[in-house]
Amino acid sequence: MGCKDRKDFDNNCVCEAVEQILAEQEAVEDISCPTSCFSNLLNPVAGTKDTIPFILFDKKGNLFKAFGNVGGFTGDMTCFQSIFFRVEAVKDCCATLSILRPVDVDGNTESVCNPCDEGFFGLEKTDFCIEVDLDCFCAIQCLSPELVDRIADQKHCR
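Residues 291 to 448 (the working numbering) make up the sequence shown, in order.
Please keep in mind that the hints were generated in silico from the structure rather than gathered at the bench. Given the structure is predicted, the values throughout are model-derived calculations rather than measurements. Note that CB positions come from ideal geometry on N, CA and C, so glycine has one too. Don't take every hint at face value.
Mimicking PhoX-like on lysine-lysine, the simulated pairs with C-alpha atoms at most 25 angstroms apart in a straight line are [what the hints assert, rightly or not]:
#1 LYS381 / LYS349
#2 LYS355 / LYS415
#3 LYS381 / LYS339
#4 LYS339 / LYS415
#5 LYS355 / LYS381
#6 LYS415 / LYS381
#7 LYS339 / LYS355
Label-pair distances were calculated between CB atoms; the ranges are [claimed, not checked]:
#8 GLU306 / ALA442: 31 to 39 angstroms
#9 GLU378 / CYS403: 31 to 39 angstroms
#10 LYS381 / GLU408: 32 to 40 angstroms
#11 ASP396 / ALA429: 25 to 33 angstroms
#12 GLU421 / THR368: 17 to 25 angstroms
#13 ASP382 / GLY409: 31 to 39 angstroms
#14 GLU306 / VAL360: 27 to 35 angstroms
#15 CYS384 / VAL360: 20 to 28 angstroms
#16 ASP443 / LYS381: 36 to 44 angstroms
#17 LYS350 / ASP439: 30 to 38 angstroms
#18 LYS355 / ASP382: 21 to 29 angstroms
#19 GLU436 / GLU408: 15 to 23 angstroms
#20 ASP394 / PHE357: 13 to 21 angstroms
#21 GLN371 / GLU436: 20 to 28 angstroms
Generate the whole structure from the sequences, applying the supplied hints.
Written as structure tokens, this is what we have:
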């Protein structure tokens with residue numbers, strides 16, 4: 291159950307925001323406001339980016355988290371915890387979200403519980419997905435598409 295009373299079932303801003311994110315990932319549009327989940331966050335980096343990462347908050351203000359590569363069966367990646375997601379599909383306020391893998395500056399997997407964790411540097415797309423009821427969330431925060439496949443500045447690494 292979401293934050294709103296059930297009589298407002300059709301009014302879910304998190305659902306609307308995720309639907310907008312999906313629409314922007316599927317077709318880059320020219321919208322001028324760069325700071326909202328309802329704006330085109332992929333413009334001006336549309337040439338190389340196709341992901342708008344975001345985090346979700348429950349009704350108590352806690353970050354939603356999921357786990358990827360449980361059991362370590364894919365590649366040499368280890369199991370990880372993430373609070374970062376990419377929308378893949380939305381239908382009737384239910385969404386398929388892929389779990390974005392947090393990495394450190396060297397590209398190593400980082401389990402992240404807080405977006406300000408010291409070791410967190412960027413995100414990588416994965417094939418690990420989770421199905422969610424968007425009515426269960428009260429807030430969404432969109433993050434910079436530049437976090438996805440971020441490359442360390444060579445001067446910084448020396």
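Mind listing which of the numbered hints don't hold for this structure, in increasing order? 9
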